[in-house]
Amino acid sequence: MKNKLISLEDAVARIPDGSSLLIGGFMAVGGPNRLVDELIRQGKRDLTIIANDTARPNNGLGKLVVEKLVRRVVTSHIGLNPETQKQMIAGAIEVELVPQGTLAERIRAGGVGLGGVLTPTGVGTTVEEGKRTVEIDGATYLLEMPIKADFALVAAKQADLYGNLTYALTARNFNPLMAMAAATVIAEAEDILPVGCIPPDAVMTPSVLVDYIVAATPR
Amino acid sequence: MDEKTLIAKRVALELMDGDLVNLGIGLPTLVARYVPAGRHVFFQSENGIIGMSGPITGAENHDLTDAGGSPISALPGAASFDSALSFGLIRGGHLDVTVLGGLQVDREGRLANWMVPGKMVPGMGGAMDLVTGARRVIVAMQHSAKGEAKIVERCALPLTSVRRVDLVVTDLAVIEPTDAGLVLKETAPGVTVEQVLANTGCELIIAPDLRSMPLEG
Numbered sequence: 001m002k003n004k005l006i007s008l009e010d011a012v013a014r015i016p017d018g019s020s021l022l023i024g025g026f027m028a029v030g031g032p033n034r035l036v037d038e039l040i041r042q043g044k045r046d047l048t049i050i051a052n053d054t055a056r057p058n059n060g061l062g063k064l065v066v067e068k069l070v071r072r073v074v075t076s077h078i079g080l081n082p083e084t085q086k087q088m089i090a091g092a093i094e095v096e097l098v099p100q101g102t103l104a105e106r107i108r109a110g111g112v113g114l115g116g117v118l119t120p121t122g123v124g125t126t127v128e129e130g131k132r133t134v135e136i137d138g139a140t141y142l143l144e145m146p147i148k149a150d151f152a153l154v155a156a157k158q159a160d161l162y163g164n165l166t167y168a169l170t171a172r173n174f175n176p177l178m179a180m181a182a183a184t185v186i187a188e189a190e191d192i193l194p195v196g197c198i199p200p201d202a203v204m205t206p207s208v209l210v211d212y213i214v215a216a217t218p219r
Numbered sequence: 001m002d003e004k005t006l007i008a009k010r011v012a013l014e015l016m017d018g019d020l021v022n023l024g025i026g027l028p029t030l031v032a033r034y035v036p037a038g039r040h041v042f043f044q045s046e047n048g049i050i051g052m053s054g055p056i057t058g059a060e061n062h063d064l065t066d067a068g069g070s071p072i073s074a075l076p077g078a079a080s081f082d083s084a085l086s087f088g089l090i091r092g093g094h095l096d097v098t099v100l101g102g103l104q105v106d107r108e109g110r111l112a113n114w115m116v117p118g119k120m121v122p123g124m125g126g127a128m129d130l131v132t133g134a135r136r137v138i139v140a141m142q143h144s145a146k147g148e149a150k151i152v153e154r155c156a157l158p159l160t161s162v163r164r165v166d167l168v169v170t171d172l173a174v175i176e177p178t179d180a181g182l183v184l185k186e187t188a189p190g191v192t193v194e195q196v197l198a199n200t201g202c203e204l205i206i207a208p209d210l211r212s213m214p215l216e217g
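Just so you know, the sequences run in chain order A and B.
Just so we're aligned: 156 in UniProt numbering is position 156 of the first sequence, and the numbers increase by one with no gaps anywhere.
Just so we're aligned: 121 in UniProt numbering is position 121 of the second sequence, and the numbers increase by one with no gaps anywhere.
To be clear, the hints were calculated from the coordinates, so they are not data collected in a lab.
When the alpha-carbon atoms are kept at most 27 Å apart in a straight line, the in silico DSSO-like pairs for lysine-lysine are as follows:
(1) B/K119 to A/K68
(2) A/K86 to B/K146
(3) A/K148 to A/K68
(4) A/K86 to B/K119
Below, a sample of chain A positions facing chain B; criterion: calculated Cβ distance under 7 Å:
(5) S76
(6) G79
(7) L97
(8) G101
(9) A104
(10) P120
(11) G122
(12) G124
(13) T126
(14) A171
Here are the simulated distance ranges between beta carbons:
(15) B/S70 to A/P218: 23 to 29 Å
(16) A/A92 to B/Q195: 43 to 49 Å
(17) A/L143 to B/G93: 19 to 25 Å
(18) B/P189 to A/V134: 44 to 50 Å
(19) A/I136 to B/L215: 40 to 46 Å
From the three backbone atoms N, C-alpha and C, an ideal C-beta is built for every residue, glycine too.
When you get a sec, could you build the whole thing from the sequences and use the hints?
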C-alpha cells in the first residue's frame, strides 16, 4: 500500500492553479489551516473555494481571499470577512451564497452519489431564483444540485497511517461531508497514529476516502 | 434594566423544560442567561453540538466554539456531530425553538434578517434553515431602529423565509402573528398601547386579554 503520509509542501504542490477546493472548518475551527497557509506560500491562484464561511481576514481560509488567490466562493456566510464583501462588490470575486443546511446537503449529495437534494429552505426567497421547484404532498421544495470538487482539504484530530480519521467536538462540522465529495482528499491531522490505534467505532471518515495525510504541526 | 436584557428575559419565559433551542448570534445569545429555574433546556449550536454552555476561563478548547467562533463549553450529556446532522435536526422538525434577531417583520409575520441590498451582504448562514425548519420561531429585536419601524406592512428587505414566525418580542411589546394579522399581546412595563402603535409600521390587532409583559417565570 502506498504511504499516504507526505510533507506539507508535497501535498500542496499537487494542487494546480484553478482547482476547486472543498475546505473544512467553521470560522476556521476545524479548518486545515496549515494547508491553507501553504497554498498562500506556494502562491496557488484562481481557486474556487467551497466552504461554510470565509472566516476572518487574518484567519484560516480568510487569508486566501485577502491574498487574492480566490476567483469564486460557494459559501453560507461572508459577514466576518469584510475583504470578501469588498472584492465581491468590486467584481473581483464571484460569491454564491447558499443556506448553510443546503450547503451541507449539496456536498453530502455530491459525495454519496445523489442527483440532487429537495429542500424547503429558500422557497419564496431570492435563493429560489433560477431553480426548479418540486411539489410533494402539497409542499414545495427547491431542487438543489450536488457539489463536488477537485480536492477536499480537511482537518482531523487523529489520523492513522491508513487514513482513518476522527474529529473533535465542533471541529468536525463540514469535514466528514467534504471528505466524500472530492477527487483527491488531503487530511491535515493533529495526531498521526499507527494503524489499529483508532477503534473501528471511533472512525468518522474511513481511510479509503483519504488520499494524503499531512501533519497539522511541523514534525 | 436595559432593552436587550428585557427582551432576553421575556423570550426566556417561552423556553420549556426539555426543549432543544438554537439561539442566534447577538441579542438572542443573552436568552440563555435567563432560563427560568427548574427548566432544563438543551442549547444547540449549528456548528455541531447540543449541550453548549458558556466558556470556562482558562479551559478554552480550540475545537469547541459557537457559531461565531467564540469559545464555549460542553455540559455533561452533550453531543457533537457534523453539519449535515446539525441541519437535519433544524430542518427535520427536531428543533423546538429558534430565537433570531430581525431587521423587519411584516404584517403576515414574515421575517427579513439576512441582508440589506447594497449595504450589508453577510450571507444567510443558518438563518433560512432555522426559520424554515424550527417548530417555533421567536424573533427578538428592537421595536424600531433609528426611528424607523421594523414591524412593517411588507418587508422591503429580502425575506429569510416565507414561513410565518410564531412570536415577536421587542423592547416595547410581544406580538403574535396570526391568520388575522399581527396581534399585540403584551406591552413592556411602562409602555402604553399608543406608544407601541406609534412605533409600528402596520396595523396591530389589540388582544382582548392584553397584559403587561411578565419578566420572571
